[in-house]
Every structure is written in C-alpha cells, then in structure tokens.
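Colleague: Here's the letter readout for the chains.
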Amino acid sequence: MGWRETWQQVKSAAGNKGFLEEPEQATGLPLGARIGGLVRLPKAPFIQAISRGSFIEMPVDSQNIIKAISRVDLDISGSIYRYYLAVGHADKKTVFLQVYVDAQGEVGDIIYCSQLTRMIPETERDQELFMGLLGYGLGDKSYCLWRDQLEELGYGEADLHAAFGGAEAIEYWRDAGDPEAEFTPPFIGCETRLEDTQGILSLKQQIYYMPYRREIPGDNGKLEYLFIATEVDSSQGGGGKRDMQVDFMVGIAVELEQIAIQ
Amino acid sequence: MKLMKTLSCLLILSLAFASYAEAKGRSFSGGFRSQRTAQAPQAAPKATPAPAAQPLNMSRDANANAAQGSTLKAADGRSTSNTAETGTGWFRSGSTAKPAGAAAAAPGAAVPAAGQAAARQGGGLLNNVMWFMLGSSLASHTRAAPAAEQAPAGEGAQAAAVAQDATVAQGAGSEALPVPPGAPQEPMLMSLLRIVLWVAIFAGIYWLVKSVMGRKARAEKKSHYTFGNN
Chain B
1 MGWRETWQQV KSAAGNKGFL EEPEQATGLP LGARIGGLVR LPKAPFIQAI
51 SRGSFIEMPV DSQNIIKAIS RVDLDISGSI YRYYLAVGHA DKKTVFLQVY
101 VDAQGEVGDI IYCSQLTRMI PETERDQELF MGLLGYGLGD KSYCLWRDQL
151 EELGYGEADL HAAFGGAEAI EYWRDAGDPE AEFTPPFIGC ETRLEDTQGI
201 LSLKQQIYYM PYRREIPGDN GKLEYLFIAT EVDSSQGGGG KRDMQVDFMV
251 GIAVELEQIA IQ
Chain H
1001 MKLMKTLSCL LILSLAFASY AEAKGRSFSG GFRSQRTAQA PQAAPKATPA
1051 PAAQPLNMSR DANANAAQGS TLKAADGRST SNTAETGTGW FRSGSTAKPA
1101 GAAAAAPGAA VPAAGQAAAR QGGGLLNNVM WFMLGSSLAS HTRAAPAAEQ
1151 APAGEGAQAA AVAQDATVAQ GAGSEALPVP PGAPQEPMLM SLLRIVLWVA
1201 IFAGIYWLVK SVMGRKARAE KKSHYTFGNN
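Those sequence lines, one after another, are chains B and H.
For the first sequence, our numbering gives the first residue as 1, with consecutive numbering after it.
For the second sequence, our numbering gives the first residue as 1001, with consecutive numbering after it.
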C-alpha cells in the first residue's frame, strides 16, 4: 500500500467520523434564498390590505435583508422554510417570509408574516391550552381577536375602525383539518433556525402550530392569516410548567411572480 | 413613614401591573372558540361565515398526511387482526414456512428451500456449490422465459408447451429471485464467480480422471515391473 492510498484511507475514515465536515450552509433553498440575501416585495397588495383593515405590518426597506433562515419540520410531505427579515430580538417584532415547498420541490405558498404580539402563558392550564393538549384551545374551529386587545397593543382608532368597523371582535377560522370539526390537534414540529452564513445552530425549538384565516372585507376575497405558534424550549423536558411563548403572526399571501430574492 | 408610603405605592403598582399582565394573557387564551362559549357565551362575536377559499397548500398537505396516517392505521389494524387470525392457523406451530398448498403452487420455489434444508443438514461445500449452480441455472432459465412467451402461437404445440413451462418457471422464479424491470440482468461478480466455479469443477473432474488413470497406469507399470522382477 502506497503513501497515497494510506492518506486516502485516513482521509475517508476521518470524513466518516465527521472530522472533515464543512460547516453546514443554507444552500439550495427555495427562491434561491441565502442569509444576507435581499428580498424585494411589492408594496401595493400590502397597502390595499392595510387600508381594508388587515393587521399586517407594511414591509419596509430597512427590513429587506434575510437575517436568518429556519426550517420547520412538521408532519407533512413538503417542507416549510422561514426567511427572517427581523428575528425579534430586543423588543423588535419578528418578520419573516414563510415558504412552503411541496414534495416535488414546487413552491406552494409564500406568506409574508409580521408579528401581531407575543405572550407568555403563565399558568400550566394556559400552557396546555396553547399546546392543544386538552382537546380544545389551539386547534379550535375559530379564534377571536377583540377590539380592546388591539387597543392595548397600540393600534390607533383609524386602524381599529378599518378592521372592526362597528364590531367588537373579528373571527379567524381554522385553515386545517375538517372545517366542521370543533377541534383539530395542532401541528407539532421542530423549528431549527440558523442566523449566520456559517450555519452555526442558533435556535432549536419545538412548536405547536395552527393557521387561522379570515377574509379581508372589501379586498376581493383576499385572505389574512393568523398563525398561532406556541414555541417551547426544546432543551427542556418532562412535564409541569415549561419555558414557552406564543407568537401571533399575521400573514398575507404573496404571489411567486411578485417576489424576488437577490 | 415616608418609606412606608413609598413601599405601599410600589406594592400597589406592582400588583396592578401583575394583574394587568395576567388579564392580558387570559384574554388571549379566551380567544379560542371553546373558551368563549364555555366561559362567557354572551361574549361570543357575531357569527361570521368561514372564508370559502381553498386552504393553504401546506394545510392541504397536512390534511392529506393526516388522512393517509389514519388510513394506514386502519390498514394496520386490519393486518393485525389478519395476523391474529393466521396466528391461530399457519403460525400455530411457530413455523414460518408456507403451507403445503402454497409450496405446491410454486414448484420452482420449493427447490431452493429443499436445497437449503439439505445444506442445513450438513451437505457440506459440495452441496452448497451444487445448489448454487442449480439456483443460478434456474434463475437464468426464468429470465429467458419472456422470450419463449413471445413465440408466435402458430408454431405448434411444442412452442405452447415451452411457453407454459416458462410461465410456470417465471411464476416460481419471481418469488425465488425477483428481477426488477430495467435492472442489470446479473451482477458482474456473480457471473465471474459462476465461471470460476465451472472451471474449478471441470478442473476437479480432469484432476480426478487424470489421477485415477495415472494410478492405474502406475499400478500396471508397477505390476509389470514386479512381474518382471519375478
């Protein structure tokens, strides 16, 4: 056996043990996304939706760089990726582009999402409610947002009037399962988020997830989504109270032709 | 006194803040339909119809997966019950062998089974080699079968008989040695091994014959020599 063969064997053995692995990089993502990529979104659909009472935040030019990329593993045959334009650190609201790719690799949905609010369930019962463990709660047929809640969140009178009109609440309907069923268990999965180009793992959390939707009045049947995601620190185990938060994300679908990532 | 006032003010403020935060959390959990109807039926909003639009592709995927999962579960349940039924029949004695009827329906498949049984009974290397060769010749016969099947119907009873034979062999062979369509017919290593084995057998026979003949010749020579000495 020559020196070259010996070296090749040592190299392959080291490779098998993972010593020579290149740092994981987010490559081959849908729409050609990468951390640091520039996202171009149309403004018109958002202006129209907001004027009709949507709670979506208008995309701003200062938030058009992909800061982080995550993959959400749910029990589906396709894949869900999130391109974070704002990661939600230091009291900033989370903004991401959620891209669903089907099993054939075709882009199915692109939803621009901005955070409505984040809450921390205090009691064990509330935690179970937001995980859908009680057979009700997250996964219920509908979810309701009240006018006073939005007032507390800082929405002005004009926005509230556009959204609620004369009503006290608006109702979102579950976007999964049998529409007639009172309860459908939420999707349970894991989100792995990478925040730098080296692909160093920055966050891994278990999520309990359910999409809801409503029709934006007077916007040609355009839908506004409300994604309720209960995020649990996956480093914790066992029962009892957990470290968790619930994110309420509002989303508007974007057409594939309208979006560009450079 | 001033300190007491300050402390009480702080206490009141913190209590107010805590109750506000709790109320805020509770109000969001009260948004679920079950909570609205259970806790405060009068607080339910005016019923609005659900949007008629199609759900998200992601949701459709999840629904399909859930449906597939439940179908699989149901199928699992059925197969478990079937297994339980067969457990009282085929597998009662703990044997995993097929019933005699099934083995008889696939005569080609019974041959390797018999061969394996013979090998297990201590047939040795020669037995193994013999069964291997028999198996591979059977397999090549099976692969040749479709050509025989395609023979024109008008070529007489012999062609029909060959085709029938080939069909039977194919039926047996498909169980014994499945060959996926489009896959290479035989691995290179196997064909090489087969050639080597044939050469080894021929060499063995040649050596055997030569040694027997040589011994005979030596015996004749020796006896002749012995006779000569005498």
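Calculated from the structure, these hints are not laboratory results.
These figures come from a predicted structure and were not determined experimentally.
Do not rely on the hints blindly, as some may be mistaken.
Pairwise CB distance ranges, derived in the manner of DEER restraints [unchecked claim]:
| # | chain 1 | residue 1 | chain 2 | residue 2 | range |
| --- | --- | --- | --- | --- | --- |
| 1 | B | Gln262 | H | Met1188 | 45 to 53 Å |
| 2 | H | Leu1197 | B | Ser202 | 54 to 62 Å |
| 3 | H | Ala1053 | B | Pro42 | 17 to 25 Å |
| 4 | B | Glu5 | H | Val1196 | 22 to 30 Å |
| 5 | H | Asn1065 | B | Glu152 | 57 to 65 Å |
| 6 | B | Gln8 | H | Gly1204 | 39 to 47 Å |
| 7 | H | Ala1067 | B | Ala158 | 42 to 50 Å |
| 8 | B | Gln9 | H | Tyr1206 | 39 to 47 Å |
| 9 | B | Glu257 | H | Met1188 | 47 to 55 Å |
| 10 | B | Glu257 | H | Asn1065 | 25 to 33 Å |
In this text, a Cβ means the ideal position worked out from N, Cα and C, and glycines have one as well.
Colleague: Confirm or reject each hint.
Modeller: To see whether the hints hold, each was checked on the structure:
For B/Gln262 paired with H/Met1188, a C-beta distance near 50 Å keeps the hint of 45 to 53 Å intact. Range check, H/Leu1197 to B/Ser202: about 60 Å between beta-carbon atoms, so the 54 to 62 Å window is met. In this structure the hint that H/Ala1053 and B/Pro42 lie 17 to 25 Å apart at CB holds, the actual value being about 20 Å. Judged by the Cβ atoms, the range 22 to 30 Å given for B/Glu5 and H/Val1196 holds: they are separated by roughly 27 Å.
Checked against the hint of 57 to 65 Å, the C-beta distance between H/Asn1065 and B/Glu152 comes to roughly 38 Å, which is inconsistent with it. Against the hinted window of 39 to 47 Å, the Cβ-Cβ separation of B/Gln8 and H/Gly1204 comes to about 40 Å, which satisfies the hint. At about 44 Å, the CB distance of H/Ala1067 to B/Ala158 agrees with the hint of 42 to 50 Å. At roughly 42 Å, the beta-carbon separation of B/Gln9 and H/Tyr1206 lies within the given 39 to 47 Å, and the hint holds.
At about 51 Å, the CB distance of B/Glu257 to H/Met1188 agrees with the hint of 47 to 55 Å. For B/Glu257 and H/Asn1065, the hinted distance range of 25 to 33 Å is satisfied, since their beta carbons lie about 28 Å from each other.
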